[in-house]
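What follows is the residue order along each chain.
There are 2 protein chains.
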Amino acid sequence: MTLLLSISAIGQEKEALEHNSILFDDATIAQVDEAMDWPLFRQSLEDAREFVDEQMALGIDVPIPKDLAGGYTHERHKLNYLSMQQAGKVFVLTGEEKYAQFVKDMLMTYAELYPSLDRHPSRKSYSPGKFFWQCLNDANWLVYTSQAYDCIYDWLSEGERTLLERELLRPQADFLSVETPQFFNRIHNHSTWANAGVGMLGLVMGDTLLVHRALYGLEEDGLDADMKDNDGGKIKSEERAGFLAQLDLLFSPDGFYAEGPYYQRYAIYPFVVFAASLQNARPELEIFKYREGILGKAVYALVNLSDADGEFFPINDAQKGMSYYSRELVSAIDIAYHFGGQNPELLSIAQKQNTVLLDASGMHVAADIANGKSKPFVHKSMELRDGADGKTGGVGILRMDGKASSLSAVLKYTAQGMGHGHFDKLSLSLYEEGREILQDYGVARFVNIEQKDGGGYLKENQTFAKQTVAHNALIVNKESHFKGNTDTGNKYHSDPYFFDASQEEIKIVSAKDQHAYPGVEQHRTIALISDGLFEKPLMVDILSVSTATQNHYDLPYYYFGQLLSTSWDYDIENNLTPMGDGHGYEHIWAEAKGKTEEGNAAMTWMDHDQFYTITSVSQKGDQMTLARTGANDPDFNLRRDPLLMISRDAATTTFVSILEPHGEYSRVSELSKGAFSEVKEVQIVHDSEAYIAIEWKHETGQVYRLAIAKQSNDQTTSHEIKVENQLWDWKGPYSYIKK
Amino acid sequence: MTLLLSISAIGQEKEALEHNSILFDDATIAQVDEAMDWPLFRQSLEDAREFVDEQMALGIDVPIPKDLAGGYTHERHKLNYLSMQQAGKVFVLTGEEKYAQFVKDMLMTYAELYPSLDRHPSRKSYSPGKFFWQCLNDANWLVYTSQAYDCIYDWLSEGERTLLERELLRPQADFLSVETPQFFNRIHNHSTWANAGVGMLGLVMGDTLLVHRALYGLEEDGLDADMKDNDGGKIKSEERAGFLAQLDLLFSPDGFYAEGPYYQRYAIYPFVVFAASLQNARPELEIFKYREGILGKAVYALVNLSDADGEFFPINDAQKGMSYYSRELVSAIDIAYHFGGQNPELLSIAQKQNTVLLDASGMHVAADIANGKSKPFVHKSMELRDGADGKTGGVGILRMDGKASSLSAVLKYTAQGMGHGHFDKLSLSLYEEGREILQDYGVARFVNIEQKDGGGYLKENQTFAKQTVAHNALIVNKESHFKGNTDTGNKYHSDPYFFDASQEEIKIVSAKDQHAYPGVEQHRTIALISDGLFEKPLMVDILSVSTATQNHYDLPYYYFGQLLSTSWDYDIENNLTPMGDGHGYEHIWAEAKGKTEEGNAAMTWMDHDQFYTITSVSQKGDQMTLARTGANDPDFNLRRDPLLMISRDAATTTFVSILEPHGEYSRVSELSKGAFSEVKEVQIVHDSEAYIAIEWKHETGQVYRLAIAKQSNDQTTSHEIKVENQLWDWKGPYSYIKK
Ligand SMILES: [Ca+2]
Ligand SMILES: [Ca+2]
Ligand SMILES: [Ca+2]
Ligand SMILES: [Mg+2]
Ligand SMILES: [Mg+2]
Ligand SMILES: [Mg+2]
Ligand SMILES: [Mg+2]
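Residue numbers (the working numbering), protein chains in the order written: chain A, 44 to 782; chain B, 44 to 782.
Don't take each hint at face value.
Pairs involving identical chains hold if they fit within one copy or between any two copies, as the list cannot separate such chains.
Stated by the list, open to error - No farther apart than 30 Å at their CA atoms in a straight line, the calculated lysine-lysine pairs in the BS3-like style are these:
no., residue 1, residue 2
1, Lys-109, Lys-716
2, Lys-716, Lys-121
3, Lys-121, Lys-446
4, Lys-502, Lys-716
Simulated from the structure, these hints should not be mistaken for laboratory data.
Using the sequences and the hints given, assemble the complete structure.
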């Protein structure tokens, strides 16, 4: 209320922009007074003003760079660029000159210091910055500072502009590009920050050469083909460089980013912010149409790689809990909405984020929310191809609504994902609403938790979390995929087989892998099935293994919660010992071991007051191990999470399981409903080189069948098999029928 | 909307009541049309009508009793009384005669069957019912049916009433009382149902003899002094019987119920519903003033025995998650509000419950909520004495608000609590807001979860959950209190020493026990301390042990979440073995063992993205065991929960720990704030027979001291000790100072 009055009290005319702004357009500026009626915009502006007022009260400090991340000079320079950016925006939106003055004073202080600065005294990075220990942070500085400069550009005198550009801004842009080609001319998300910073400054100053450099890279970089960064990554992997090359090479045609959503969330920011700057200042470039709208696809891919809570699927090195509530996604959602076709479903995400950007895109979002245009975001079933050419595997996401809840399944058949990739070919994860039912363990790391090795990657990330046995994936002979060698893994990828989310009763994805274990072909099909007899959708998991050799197979299912019952007998371990001595097995305690008879093996558990049963087709002698993570964990770096491991000694064989979420429990009424599974008699009714067909029943006797053509995924090919002497024929790679 | 229209469409005059109703009064009836404007009342009526309409559509079925709980006839008779009760109320509130007709038809069908019924064919109970296998359920039937009968009493003809009373109602009241004295004349919460049913019917019919029987019991019961119930409980423990005796004997003067809040929640219903009936029909009895307002005290005690979410502290055999959202608490809150002084804080609980009773009390609550009278419920610090005379120990509840969060601590020094009691003398539990920080394990039982032994008490409840080692309590020589013998436990209780919640900076409770281990006196003091230098309150735990003999002491702290660091070195166990072979130790895996030097031993962990550090005064050679529950658990009945166990071999000694909740972590910004404890240098600065005094520092150097007079809890006695050659003098049992 106070703020509204103070803003209205200014009553100052917002002047039309004199330069091509990277943040605003004239139409937006004309709406600023009206924007105070849009609650989300007004609140975001109040928050920004509060932050800037606090920073202004502290006075300007531009210390001589000295510290690493966490140290004073590092954190101060970071706060400086954040407060300049916010102050600039508050100035444009309120017209209060003290904010412009603050930005100018800060920039002038930087301009005074800058000529005396060499590279940062710490030489820990392959490309040390000026203000920070690494150029990545200096590039961040330039991205934010360019926005601040944009906001006060017209307000400054020409002489002031000339001084700042000559002493500070242009030198910093050159420093990050021509003076540090190993950082600027790389195809890497860090380098995108440099491209963006240089390009955004070029746009503000109207310097087409800088913009060209940002878009296309340095023509001559003189970089050695063998040069590596601190993590051992190659500097020069591609001939091309610059922002457009990043857009071409870092995303798959579907907008998938090879390292997965956790890193994509981090990488997306410089992409969307530079693209928005280009679109504002140079709309004729139509950057959002580039590569058939790759930027919008990247945002949608990212948002769809999340559970019902908006939390990203924790594939590869991903800390759980990161979500579309992150700062980067606020930018991505606002910009994708404003420049990408105003999909009203994005507005509901912006509402949950509860903040908008203080620029044209954020104003647009806030206005349309205030005008009631928001619609609930619906997570989509989709297949995302991996690789710049879309030809190195992918990931299949299935979503199925049931009467009582919704399931999401993720089948991963991507390439390795480089250094942050896990050995998780054809691994599965399953969610009910926002809850993990079958989890991917995620990363063994506590980001920025000092006590846990300074917040860095923990030893157990390598020895456990990356290993195949940490996933709901098949392990052959107790070794991880590619024997746990990332370089080998980087050479291969799994292959999509088919994906169909077009049917109402079944959503299905199927993929193959023939490289994780030489001589072993794996073929996994995951289906979510909705049927009137079941309150919630079922998940069907068919994993066929083809090989000429006899092997030991382990198939873990990482569940959560309290075990209620198993259909097989087991012996509990009176003392716990680790399940093995390598490939992650050394981190798993066996708690109970049993063997199955031929038929079905079923296990029921309870988590968050919901019931789950997995019913597997069992052979006589399948080993069922109830186990838990946490062995050989001297620093208590691992969680203690339960798993069921199904093991079998065989050559060619098939694992079939149906997971049924069912019923619910109330701790207040203490009533349990539907505590027992309704899936009965799961069977393999046909298993040959060409086909696998299974059948299951609802307890009422209703029969369901699902067949997969293993050797042809052609949509038009006809197939037929005999089941119980009846002909079953269909067209395309699978058939689902009720009898 | 539909409902409102249909109700308004009736437009029928609500007639004044012709008999003394147990549910309504004339003033309430006159307000019914207006009540449709009170959202909570209208919604509650809609829900009831929907339920009754469904039941009416099924037609009337009064089967011959045959089944046990869960079987058809049992569940049908239960639904019958529930639907009669609701239909009766809907009739009174809407005037629609079809609901009265339904109640009448049902009662007539019962009246036809009743004369032919013997006791229920199952003879599993010491007091089999008519409609159900045990009289308890038959008494439920009568409580609900009396309400239904009350609602249609005036609508029935005198002939109909005569028939129903002669053939069904009076015989059932006699059956539950004179024909089953072992059930009716007992001091037990089950018997309260019989007292209530008989009394409520008496009130409806205006039969003062039945009401007298309900209030005072049967004069002649002829019960054998040695008679026992199915669980081995004595039938005849007191000379008195009836409702007033239950009020006198089942609650302590503070309203505490010996079995704890989980059972109190169950027991409270017949008390409040019969009391409300008495107050409506016989206001001159002033039942809510009985025993200085014991009923109101019982409701407040119960509500205050819950965490910030309203979940009851799980002391004794209590399933976690039971809360003031339960059906019984809806009645208790509405009735306590209407008849107990209209405390506006109760309205906020009713709002959370989101439903009200369809009677005078519920209308009052809904009206006052609609009129904006609700205030947030504030959980209070309080000491609740145990025992009918208030002289068998008690429980101390401390609440402390800090800048960033609130803590609640519970110190239990009650009597054993009979068969459902745990061996948990001086055990501690701690909550931050609604989250358990130091847990009481609760019961080892999954109520009504068929797979877990039919939902009954599990073997591990006896072997683990009841044992001392399952609690944050001192274990001497690896044996539970009273060697785990309930009969011995029932003979003794701990003793309150002092309780002070009157100060702003400190809330403190202190209690002693000298019976759990013969020859060992324990004295535990728990304080919550709020100080400007700390964002959140601290918990101080001082446990002095006095004994002439050398003993082994184990003091577990059951925390939750991820261990981050310990200040002591430990060796992890490469294979896990149980910590012992009895008294619950056989259910705990030792994960890592270490020893301390003299000084402080600190451990930091993280749970729900909050940080916690416990800093203990350590002696050289104290054994620190990081452990986890779940050993020797063949049916996976136990959770896998972590604990720190501090062990020491000594005679007289003192354990001192400070638990500091600090900082927070965001999984979205990945920033951690305040991840390190600010508590430094915890010391015992004086330890003698008469006094214990400790000191700790904030990292800024600020010194805090707390002294306890161990041998006098007198408020006026003066004390002095010397610390660092300075005199420290005070009056009363403790002194807290900042230096
Ligand atoms: Ca989630
Ligand atoms: Ca709670
Ligand atoms: Ca502090
Ligand atoms: Mg993984
Ligand atoms: Mg969630
Ligand atoms: Mg307990
Ligand atoms: Mg809670």
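Going through the hints against the structure:
Taking CA atoms no more than 30 Å apart as the test, Lys-109 paired with Lys-716 passes between copies only; the shortest distance there is 23 Å, against 63 Å inside one copy. Taking the shortest Cα distances, Lys-716 and Lys-121 sit within 30 Å of each other only across copies (17 Å), while inside one copy they are farther apart (54 Å). Within a single copy, Lys-121 and Lys-446 get their C-alpha atoms only as close as 49 Å, which misses the 30 Å cut-off; across copies the closest is 28 Å, which meets it. In this assembly of identical chains, Lys-502 and Lys-716 lie within 30 Å of each other by CA distance solely across copies; the values are 24 Å between and 44 Å within a copy.
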